[in-house]
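Student: Next come the chains, spelled out residue by residue.
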Amino acid sequence: MQKLDIPDSAIRKYKSADLYLLPPSLFPPEPLDMMDQRYLNYKNAPIVSPLRKPLGIEMYNEMYFHSKPPNTMSTTADLPSNTIDKIAFKVHDRSTTFAAPPNVTSIPDNTSHESTWQTPAVEQLLEPSHVSVIDLHNTVNVSTDKLFLRSIYTSWHNATSMVSYTN
Amino acid sequence: MRPRWYLIQIDMISTAELNPQWEETGRYVCVFLARHPTDKDKSSEFVRWWPDWYRYKACKQSQEISYGDHALFRPSVIPNSGKYIQWAEELDLTQTGLLGPPSTLKASVPPTEHGTKFVKL
Chain L
1 MQKLDIPDSA IRKYKSADLY LLPPSLFPPE PLDMMDQRYL NYKNAPIVSP
51 LRKPLGIEMY NEMYFHSKPP NTMSTTADLP SNTIDKIAFK VHDRSTTFAA
101 PPNVTSIPDN TSHESTWQTP AVEQLLEPSH VSVIDLHNTV NVSTDKLFLR
151 SIYTSWHNAT SMVSYTN
Chain F
1 MRPRWYLIQI DMISTAELNP QWEETGRYVC VFLARHPTDK DKSSEFVRWW
51 PDWYRYKACK QSQEISYGDH ALFRPSVIPN SGKYIQWAEE LDLTQTGLLG
101 PPSTLKASVP PTEHGTKFVK L
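Quick mapping for you: the protein sequence lines, in order, are chains L and F. Residue numbers are given in this note's numbering: position 44 of the first sequence equals residue 44, and the series is strictly consecutive. Residue numbers are given in this note's numbering: position 19 of the second sequence equals residue 19, and the series is strictly consecutive.
It should be emphasised that the hints constitute simulated quantities derived from the structure, not laboratory data. Model, not experiment: these values are computed from the prediction. Check each hint, because a few of them may be wrong.
[As the list claims (entries may be wrong)] Derived CB-CB ranges, DEER-like:
no. : chain 1 : residue 1 : chain 2 : residue 2 : range
1   : F       : 39        : L       : 83        : 44 to 50 Å
2   : F       : 46        : L       : 80        : 31 to 37 Å
3   : F       : 43        : L       : 134       : 33 to 39 Å
4   : F       : 72        : L       : 151       : 22 to 28 Å
5   : L       : 21        : F       : 40        : 38 to 44 Å
6   : L       : 141       : F       : 39        : 29 to 35 Å
7   : F       : 43        : L       : 19        : 53 to 59 Å
8   : F       : 71        : L       : 52        : 53 to 59 Å
9   : F       : 83        : L       : 138       : 35 to 41 Å
10  : F       : 74        : L       : 152       : 25 to 31 Å
11  : F       : 69        : L       : 22        : 58 to 64 Å
12  : L       : 12        : F       : 37        : 48 to 54 Å
Where a beta carbon is used, it is the ideal one built from N, C-alpha and C, also for glycine.
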């Protein structure tokens, strides 16, 4: 690139990405390797665009964002063309009520692989209830890995009077 | 205050030592498991659940234990008991808020034997 009015001026080479004329707000979804992008999150100041001064670009907002936006009202665009579109444009009905979550009265037995798909663990986290000592003891004995999920209300990592042990 | 769910593992040996009446009271010594820090972006069923070790200091007079930073050890490693402590608590499991066993979760810790034989799956 060489200045037009100075034939003997220095010839500078730029990458094509550096000559991108659109403002940063109009970058494509996958931004190019431009100067501002290249030096983003770096301590270096962004390099001034080499075309800003020769092309008289003062502010991108004045150039690309006019005070009077063009009329975008169209009789064909963004209008429903079939019945499905008309249904989609309607206000969604939010009055649908969901059924109450089932109450868990005993510790579910999910030791078998088949029951995993029938009673996922996510649904069981809704309404835990009191467990009898006998059922609890049987469930603990049946469990091979002794793993359970326990809900705790206390601020766990701030507790200081916690019973603990070392090996 | 909203409850938080924790994955616990019942330590039967410690329960028998600390609470011999566990069959009547329903109080078990439970070891808390924590997800591996590098598995934060994974769903719970694919997370490695490792024992939760912390540095600690014990007061010489009151024997009160103050917990320090989190320490990461492999499940097969038993760190120095003078420096590290594992989070555990005697819980009344008959109260509300117990679910399991969670078949979708696979802990990296086998059935606990006072934390002495951790084997990575």
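Student: State, for the Cβ atoms of residue 72(F) and residue 151(L), whether the hinted interval 22 to 28 Å holds or is violated.
Tutor: 25 Å, holds
Student: Hint says 53 to 59 Å; check whether the CB-CB distance for residue 71(F) and residue 52(L) agrees.
Tutor: Holds, since residue 71(F) and residue 52(L) (Cβ atoms, about 55 Å apart) stay within the stated range.
Student: Does the beta carbon distance between residue 12(L) and residue 37(F) stay inside 48 to 54 Å, or does it fall outside?
Tutor: 49 Å, holds
Student: For the hint 25 to 31 Å, verify it against the beta carbon of residue 74(F) and that of residue 152(L).
Tutor: 26 Å, holds
Student: Can you tell me whether the CB distance of residue 46(F) to residue 80(L) sits inside 31 to 37 Å?
Tutor: 43 Å, violated
Student: Lying within 33 to 39 Å: is that true of the beta-carbon distance residue 43(F) to residue 134(L)?
Tutor: 34 Å, holds
Student: Determine whether the Cβ-Cβ distance between residue 83(F) and residue 138(L) falls within the hinted range of 35 to 41 Å.
Tutor: At roughly 39 Å between Cβ atoms, residue 138(L) and residue 83(F) fall inside 35 to 41 Å, so the hint holds.
Student: In this structure, is the beta-carbon distance linking residue 141(L) and residue 39(F) contained in 29 to 35 Å?
Tutor: Holds, since residue 141(L) and residue 39(F) (Cβ atoms, about 30 Å apart) stay within the stated range.
Student: Is 53 to 59 Å a correct range for the gap between the Cβ atoms of residue 43(F) and residue 19(L)?
Tutor: 46 Å, violated
Student: Assuming the hint says 44 to 50 Å, is it satisfied by the Cβ distance from residue 39(F) to residue 83(L) or not?
Tutor: 48 Å, holds
Student: Does the beta carbon distance between residue 69(F) and residue 22(L) stay inside 58 to 64 Å, or does it fall outside?
Tutor: At roughly 50 Å between Cβ atoms, residue 22(L) and residue 69(F) fall outside 58 to 64 Å, so the hint is violated.
Student: Given a hint of 38 to 44 Å, does the C-beta separation of residue 21(L) and residue 40(F) actually sit inside it?
Tutor: 42 Å Cβ-Cβ, so the 38 to 44 Å window holds.
Hint violations for this structure: numbers 2, 7, 11, all remaining hints satisfied.
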